[in-house]
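Chains A and B are the protein sequences, given in the same order. Take 1 as the starting number for the first sequence in the working numbering and just add one per residue. Take 1 as the starting number for the second sequence in the working numbering and just add one per residue.
These are computed hints drawn from the structure, not numbers from a lab. These figures come from a predicted structure and were not determined experimentally. Fair warning: there could be bad hints in the mix.
[Said to hold, decoys possible] DEER-style ranges, computed between Cβ atoms:
no.	chain 1	residue 1	chain 2	residue 2	range
1	A	46	B	586	21 to 31 Å
2	B	703	A	125	28 to 38 Å
3	B	549	A	125	49 to 59 Å
4	A	155	B	652	18 to 28 Å
5	A	131	B	652	22 to 32 Å
6	B	248	A	20	30 to 40 Å
In this text, a Cβ means the ideal position worked out from N, Cα and C, and glycines have one as well.
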Amino acid sequence: MARQSEGIQIRVNGSLYRLEVDSSRSLLSVLRTELRLTGTKYGCGAGECGACTVLVDGEAVRSCIFPAGHAHGRTVTTIEGLAQGGRLHPVQEAFLEAQAFQCGYCTPGMIMGAVSLLRKEPNPTELEIRRALADHLCRCGVYPRIIRAVQLAAAKMAK
Amino acid sequence: MSEDVGQQREVPINRAGMTRREFLRLTGGVIVLFALAPAAEPGTEGQPGPDSAEDLNAWLRIQPDGRVTIFAPVPEVGQGLRTSLAQMAAEELRVSVSCVEVVLGDTARVPRLAADPDEPALSAVGMRVRAAAAEARELLAAMAAEKWDVSRELVKLDGGQVVLLPRPGTAASIGELIGGRRFVRRLGRPTPLTPPSEHQIIGESIARLDGPAIVRGQARYVGDVLLPNMAYAKLLRPPCLGARLVRADTRAASAQPGVIAVVHEGDLIAVVASRPDLAEKATRYIQATWEEGAHPEMSTLYQDLRESAELAEPARQQGDVEAALAGARRGYSASYRAAFVAHAPIEPHGAVATTEGDTVVVYASTERPFAHREGVADALGLRASQVRVITTAVGGAFGGKDGAEISVQAARLARAVGRPVMLTQSREEELTWNYFRPAALIDVRCGVGETGGIIAWDCDVFNCGARGAWPPYGFPHRRLRSYRCDAPLRQGPWRGAGGPANAFAREVHLDHIAGELGEDPIDFRLRHLSDRRMIRAIQAAAERYGWRAHRPPTGLGVGFACARDGGSCVAEIAEVEVERLSGQVCVRRVVVAQDSGLVVNPDNLRNQIEGAVVMGLGFTLREAVRYEQGRVLTRSFASYPILTFRDVPRIDILLPASRDLPPNGDGTPALCAIPAAVANAVFDAVGARVRELPLPPASIRAAANR
Numbered sequence: 001m002a003r004q005s006e007g008i009q010i011r012v013n014g015s016l017y018r019l020e021v022d023s024s025r026s027l028l029s030v031l032r033t034e035l036r037l038t039g040t041k042y043g044c045g046a047g048e049c050g051a052c053t054v055l056v057d058g059e060a061v062r063s064c065i066f067p068a069g070h071a072h073g074r075t076v077t078t079i080e081g082l083a084q085g086g087r088l089h090p091v092q093e094a095f096l097e098a099q100a101f102q103c104g105y106c107t108p109g110m111i112m113g114a115v116s117l118l119r120k121e122p123n124p125t126e127l128e129i130r131r132a133l134a135d136h137l138c139r140c141g142v143y144p145r146i147i148r149a150v151q152l153a154a155a156k157m158a159k
Numbered sequence: 001m002s003e004d005v006g007q008q009r010e011v012p013i014n015r016a017g018m019t020r021r022e023f024l025r026l027t028g029g030v031i032v033l034f035a036l037a038p039a040a041e042p043g044t045e046g047q048p049g050p051d052s053a054e055d056l057n058a059w060l061r062i063q064p065d066g067r068v069t070i071f072a073p074v075p076e077v078g079q080g081l082r083t084s085l086a087q088m089a090a091e092e093l094r095v096s097v098s099c100v101e102v103v104l105g106d107t108a109r110v111p112r113l114a115a116d117p118d119e120p121a122l123s124a125v126g127m128r129v130r131a132a133a134a135e136a137r138e139l140l141a142a143m144a145a146e147k148w149d150v151s152r153e154l155v156k157l158d159g160g161q162v163v164l165l166p167r168p169g170t171a172a173s174i175g176e177l178i179g180g181r182r183f184v185r186r187l188g189r190p191t192p193l194t195p196p197s198e199h200q201i202i203g204e205s206i207a208r209l210d211g212p213a214i215v216r217g218q219a220r221y222v223g224d225v226l227l228p229n230m231a232y233a234k235l236l237r238p239p240c241l242g243a244r245l246v247r248a249d250t251r252a253a254s255a256q257p258g259v260i261a262v263v264h265e266g267d268l269i270a271v272v273a274s275r276p277d278l279a280e281k282a283t284r285y286i287q288a289t290w291e292e293g294a295h296p297e298m299s300t301l302y303q304d305l306r307e308s309a310e311l312a313e314p315a316r317q318q319g320d321v322e323a324a325l326a327g328a329r330r331g332y333s334a335s336y337r338a339a340f341v342a343h344a345p346i347e348p349h350g351a352v353a354t355t356e357g358d359t360v361v362v363y364a365s366t367e368r369p370f371a372h373r374e375g376v377a378d379a380l381g382l383r384a385s386q387v388r389v390i391t392t393a394v395g396g397a398f399g400g401k402d403g404a405e406i407s408v409q410a411a412r413l414a415r416a417v418g419r420p421v422m423l424t425q426s427r428e429e430e431l432t433w434n435y436f437r438p439a440a441l442i443d444v445r446c447g448v449g450e451t452g453g454i455i456a457w458d459c460d461v462f463n464c465g466a467r468g469a470w471p472p473y474g475f476p477h478r479r480l481r482s483y484r485c486d487a488p489l490r491q492g493p494w495r496g497a498g499g500p501a502n503a504f505a506r507e508v509h510l511d512h513i514a515g516e517l518g519e520d521p522i523d524f525r526l527r528h529l530s531d532r533r534m535i536r537a538i539q540a541a542a543e544r545y546g547w548r549a550h551r552p553p554t555g556l557g558v559g560f561a562c563a564r565d566g567g568s569c570v571a572e573i574a575e576v577e578v579e580r581l582s583g584q585v586c587v588r589r590v591v592v593a594q595d596s597g598l599v600v601n602p603d604n605l606r607n608q609i610e611g612a613v614v615m616g617l618g619f620t621l622r623e624a625v626r627y628e629q630g631r632v633l634t635r636s637f638a639s640y641p642i643l644t645f646r647d648v649p650r651i652d653i654l655l656p657a658s659r660d661l662p663p664n665g666d667g668t669p670a671l672c673a674i675p676a677a678v679a680n681a682v683f684d685a686v687g688a689r690v691r692e693l694p695l696p697p698a699s700i701r702a703a704a705n706r
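Only chain A is shown next, with the shape it has when bound in the complex (with noise of 0.2 Å):
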């Protein structure tokens, strides 16, 4: 049965929501459901592909294996968050330069990945990129395209 409702106060990409949804609930299936933030997507419900990766406090998440409870008080930024002012991020406008997507389905979850990668390591080497991300799946096989645009966006926020 589900969990009684309870509140749930969480600041996504800038603006504040109170939601009452069971906490055990997935923080994707909030985001996706509840705000019509549809940008970060379902892959495999089990944490193995990176499709839904989202930023809670500056921190890579699998949104689709986090209780959205354990999001309580707390900021999270998906790929709708990402652009500021009209203003792609540099890792967007990287992956855009590199062309680095096909299908694009996998894309909102490898930028936020990258993003999340770039703040804590912002001039990482090919196999650093490729340890930090090894976890998210792309099965049009755009991974060298990825590998580039990161090292790409490196240099932008080098600048």
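Given chain A, put chain B in place with the hints provided.
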């Protein structure tokens, strides 16, 4: 092209008095349509118009302001089709790509295309778009020539207007030329296409038009569709493959929070609820009794395929294979195998359906919207014209989303509950309940003659189909037989169909024979080839890699393979490192040289080829659907590991292009050649000749340490 009805005939349409259906009856066929006002739309989004007729089939429309809309039946599935089609139309009409709007995969708005499924979409659709655009260009040029009373050669389309060449200041806009009239043209005579030497937009690496939406998270996939009053459905799945539902008690499930209905209609049983998670939870409360069928076993797969085989089509034969084999100096026979593979798109299957009166609208994630339309119409007892399929962005398909099942299920549920329904699959469902790439068993018998060349090639293909199995080499005696088999798992379309398995068998076998005869694998192939495109691709790959016939041992293995697919020739070289103790293969570098005819967008083609190499390495090295007692065991990415960032080699791509041939460029050819290139490299590295996909580490280890 059909009969010539494309005379300089204008069909004025009384816009006030004529319906679109009447208008279409008058014109029919394929039309190029110029209109002052936007033509009557067949239906706004979400509801089919009264005239969403079967034969609605405009390929192109030009508005007086110079805006061009092209309509194409094949959706964007990440192959960059939207951008490539816009480039082709823009080239023929001499407008910038930004003036071209592309409508894809909406059965109420796009023409239907009867095409060979093996023909690449870019060629099948692109050549029609180009023809339509070229015809429109000629019509506009003719109108301008008439207006200025000069010959056609003296006018030219440029940047959305027609200019008079002798007097550069004189120009007429498209709106001026159309002058409020409506021109309908049926593609009849082949209009000359712009020759490759004059291309300015075709051949340019234009960035994907849908890229900005993708990086912003704004691309709309089927799971992102939101309709008023929409409910969410989850199917109850059987305990094993082939099980039949005997009875179900749905009372407890019906009482669960958020549940709108539990639908049980024949073989379909599902919960429809206000939220996806609630629907999923409630399915656990259905008390269902299933009757299990026969349990397919993996251990006897290849034996079962062989024993159930029936010739699928007449044998293809050239010369007398049996006699040539009997008279050959040496003979080489072997069997090759390829496992069932899952398409495993990151976006699982999904569909949204809504019923309105006697019509159904389905938002689908598919490459084949018309097949989904027919599937839904058949299942619901409707005419095809009563079903509209709107393709959303597709999060990967690879042939796996051709089948209409999910759209049918969503439509049945929407009709049952009388409101819009979204049905999506979990990852486990995606990897368990959809069809797979057919497993393959391929027998090759080959005879070598007195001069050390192959004189006879006999190939029997079980279960995976004959695509790519007829050797591209000039062996004098050849035979190909393809057999249909009773497959233990559901199987269906796959990127390249049997192409990868057939190329694997052939190219590994050739490598083996070349080795036995002490010949260089590339030289050995070249002596059997006359196809200049293939020869050029092979030479390009060999040169880029730095292939040498007699290399000193380096600890690395290098392997070669080539293939033909869908009008393309591809040559690939793989460089691998093999860990002797474990039999694990690490692919370090891949060189691909692919001639796909005219290249519309080189960067996009490179992207497709890179992706195909990566996907191909997945089913070369580790992907296999495993099953036991009728249960698929590989139900997650943990148990069905696709390739990751860790596994990606350096990939060099060369595009030796035959610009006068149609644009056949996609990733499929590269997908076909990669398994054999890697397998041959493994042999080169450690002497392990492996004839099974995925390459089993145990076999490699055993052979390496023999």
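Right, here's what the structure says about each hint:
1. A:46 to B:586: 21 to 31 Å: Hint holds: Cβ distance 27 Å, inside 21 to 31 Å.
2. B:703 to A:125: 28 to 38 Å: Since residue 703 of chain B and residue 125 of chain A have Cβ atoms about 35 Å apart, the given range 28 to 38 Å holds.
3. B:549 to A:125: 49 to 59 Å: violated (36 Å)
4. A:155 to B:652: 18 to 28 Å: holds (23 Å)
5. A:131 to B:652: 22 to 32 Å: Holds, since residue 131 of chain A and residue 652 of chain B (Cβ atoms, about 24 Å apart) stay within the stated range.
6. B:248 to A:20: 30 to 40 Å: holds (33 Å)
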